[in-house]
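Student: Each chain, written out:
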Amino acid sequence: MELTLNHRKEGDRTVLEVGGEVDVYTAPKLREKLVELVGEGHYQIVVDMTKVEFLDSTGLGVLVGGLKRVRSHDGSLSLVCNQERILKIFRITGLTKVFPIHDSLDEALQDSE
Amino acid sequence: MELTLNHRKEGDRTVLEVGGEVDVYTAPKLREKLVELVGEGHYQIVVDMTKVEFLDSTGLGVLVGGLKRVRSHDGSLSLVCNQERILKIFRITGLTKVFPIHDSLDEALQDSE
Amino acid sequence: MTDVELHLPPDVRYVGLARLVVMVAARQAGMADERLEDLKIAVSEATTNAINAHRRTAKPAPVVLAFGPTGSGQFAVTIADTGPGFEPPPLEAHSSRDWSLENGLGVTLIRGLADDVEFRREAGMVVKMRFSVDLTGDGAVGD
Amino acid sequence: MTDVELHLPPDVRYVGLARLVVMVAARQAGMADERLEDLKIAVSEATTNAINAHRRTAKPAPVVLAFGPTGSGQFAVTIADTGPGFEPPPLEAHSSRDWSLENGLGVTLIRGLADDVEFRREAGMVVKMRFSVDLTGDGAVGD
Ligand SMILES: Nc1ncnc2c1ncn2[C@@H]1O[C@H](COP(=O)(O)OP(=O)(O)O)[C@@H](O)[C@H]1O
Ligand SMILES: Nc1ncnc2c1ncn2[C@@H]1O[C@H](COP(=O)(O)OP(=O)(O)O)[C@@H](O)[C@H]1O
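In order, the protein sequences belong to chains A, B, C and D. So the first sequence is numbered by numbering that gives the first Met the number 0: it starts at 0 and just counts up by one. So the second sequence is numbered by numbering that gives the first Met the number 0: it starts at 0 and just counts up by one. So the third sequence is numbered by numbering that gives the first Met the number 0: it starts at 0 and just counts up by one. So the fourth sequence is numbered by numbering that gives the first Met the number 0: it starts at 0 and just counts up by one.
It cannot be assumed that every hint is accurate.
[To be verified] For each label pair, taking beta carbons as the anchor points, the in silico distance ranges come out as:
#1 C/Asp-133 x B/Gly-18: 44 to 50 Å
#2 B/Gly-19 x C/Ser-99: 57 to 63 Å
#3 A/Thr-95 x D/Pro-59: 54 to 60 Å
#4 D/Gly-103 x C/Phe-85: 19 to 25 Å
#5 A/Glu-83 x B/Arg-90: 35 to 41 Å
#6 A/Asn-81 x D/Asp-97: 42 to 48 Å
#7 A/Asp-102 x B/Gly-10: 54 to 60 Å
#8 D/Gly-103 x B/Leu-86: 33 to 39 Å
#9 B/Gly-18 x C/Phe-85: 46 to 52 Å
#10 D/Phe-85 x A/Glu-106: 48 to 54 Å
#11 A/Pro-99 x B/Leu-86: 29 to 35 Å
#12 D/Arg-120 x A/Lys-8: 49 to 55 Å
#13 D/Thr-56 x A/Glu-83: 56 to 62 Å
[What the hints assert, rightly or not] DSS-like cross-link-like pairs, simulated, lysine-lysine; straight-line CA separation at most 25 Å:
#14 B/Lys-8 x B/Lys-28
#15 D/Lys-127 x A/Lys-87
#16 B/Lys-87 x C/Lys-127
#17 B/Lys-67 x B/Lys-28
#18 B/Lys-96 x B/Lys-67
None of these hints come from the bench; they were simulated from the model. Glycine included, C-beta positions come from ideal geometry on N, C-alpha and C.
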């Protein structure tokens, strides 16, 4: 029932690990965190969603907002997600075409996009 | 959310292992099982409640019913329970004075009552 | 804060749902785990009684649970039915109770677990229970 | 079988409770785990919208979820609010959608996840969704 957020640097990337439930009640924390990271100059962000248990459109909206923010600094925001139930909502909303989505963190960190 | 029932012989005792939730919806299954066991001649019963996750007054009533049944055959019904939350409801209802309650199955099987 | 309400068809299959919903709401209100166990049992008892009251009189109407934090560090649960109602038995000492009765334990448990409980007759029976959110106000055994 | 109802104060803290209750009821009705995930998301979307509609108009009235198995292998959830209502947007192809909009994804998800959905204006908005209990009727992407 809670949202956990932890970030660390991995080379030139910043990995934001998200865990728990992202919904209308918890999403503001994720939004603040992304705003804060970009404000501190983190423009190459990998959001690791491996431990996300629930995500709905409010969470998707916050990720879109984050992507716009880093792009305005010529940055990137990619996702790590291997859960079918979550990939499904990216597909239904067409957002698989907008976010680079990786199966594993290694793959995301190797991607040079 | 479910009730599990398994029984086996241990010397002259019959151990009935109860798991899950015992409430008004599931208690009929426990009642049937006790009736069946006594009907088959099991009069020295140890009900192992170590894996019970929930028990309310309907469950208590079924255990009292079982006790009456075995007593009518000069048998015994004792309990194994080490969970404070469950012991509490035996105390509140005064049933700690009615059932022999043991911390562990070993203790229950050694008891010669 | 207004209460959450759960309206249940009078079918005993829903007693588990009632326990779960009230427990999750109370946890969100900050109730300690040990106290949640008391709440769960008392809610189970009162919901079982309300549903049984409707079943005995073949009433298809729902029973209604309303619950939420009170302003004063407690969590209140009201369980209302439209059945025949009853006069709660006087508080009796355990020692006087016939152990071989398989019924009549529910009201004893509610009284023993809740900080306080009111039994009120309205359209049917209304049972209002209060539970301290922390452990300090743990209800005394009701005898 | 009659429906279970959950009445929620218009506060977004209760959206998680709505998901949980509906999910547990659907599981009890035999819904497969994978399908439960679809249900959870759609319920979250429609409940969020209903609560937000009350908040925008400062309405303290509860939003009401009613749910239960239908006679025909489906599980239905109706979410009713008394807010201003809205005209659901026409079904549009994803390709025409501006990816940079952070809103408007909820209705797309509901349409994509439920077997079928009705948006009806009554006192406010009534959203009725149906989900197959087994996986065979998995809703097609709504575009
Ligand atoms: N909501 C209610 N409406 C009508 N009668 C009730 C209600 N709650 C309890 N009772 C009556 O009080 C009796 C004692 O209830 P309780 O202590 O819960 O034990 P049990 O339900 O096991 O008999 C019940 O058998 C029933 O006759
Ligand atoms: N129950 C409702 N009552 C009033 N307006 C609604 C309701 N549901 C949706 N809407 C309107 O439709 C819009 C789109 O909803 P949705 O697709 O869920 O995306 P979002 O809520 O993220 O904007 C909302 O912004 C709101 O204006």
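Student: Each of the hints needs a verdict: does it hold here or not?
Tutor: Hints, one by one, checked against the model:
1. C/Asp-133 x B/Gly-18: 44 to 50 Å: violated (31 Å)
2. B/Gly-19 x C/Ser-99: 57 to 63 Å: violated (27 Å)
3. A/Thr-95 x D/Pro-59: 54 to 60 Å: Violated, at about 40 Å.
4. D/Gly-103 x C/Phe-85: 19 to 25 Å: Between D/Gly-103 and C/Phe-85, where Cβ atoms are some 54 Å apart, the hint is violated.
5. A/Glu-83 x B/Arg-90: 35 to 41 Å: About 48 Å separates the Cβ atoms of A/Glu-83 and B/Arg-90, which means 35 to 41 Å is violated.
6. A/Asn-81 x D/Asp-97: 42 to 48 Å: violated (28 Å)
7. A/Asp-102 x B/Gly-10: 54 to 60 Å: Holds, since A/Asp-102 and B/Gly-10 (Cβ atoms, about 55 Å apart) stay within the stated range.
8. D/Gly-103 x B/Leu-86: 33 to 39 Å: violated (55 Å)
9. B/Gly-18 x C/Phe-85: 46 to 52 Å: Once the Cβ atoms are compared, 34 Å apart, the range 46 to 52 Å for C/Phe-85 and B/Gly-18 is violated.
10. D/Phe-85 x A/Glu-106: 48 to 54 Å: 41 Å Cβ-Cβ, so the 48 to 54 Å window is violated.
11. A/Pro-99 x B/Leu-86: 29 to 35 Å: violated (56 Å)
12. D/Arg-120 x A/Lys-8: 49 to 55 Å: Given a distance of about 51 Å, which is inside 49 to 55 Å, the answer is holds.
13. D/Thr-56 x A/Glu-83: 56 to 62 Å: violated (38 Å)
14. B/Lys-8 x B/Lys-28: holds (20 Å)
15. D/Lys-127 x A/Lys-87: holds (22 Å)
16. B/Lys-87 x C/Lys-127: It holds: about 22 Å lies between the C-alpha atoms, which stays within 25 Å.
17. B/Lys-67 x B/Lys-28: holds (18 Å)
18. B/Lys-96 x B/Lys-67: Holds, at roughly 14 Å.
Comparing the model with each earlier hint shows violations of hints 1, 2, 3, 4, 5, 6, 8, 9, 10, 11, 13; every other hint is respected.
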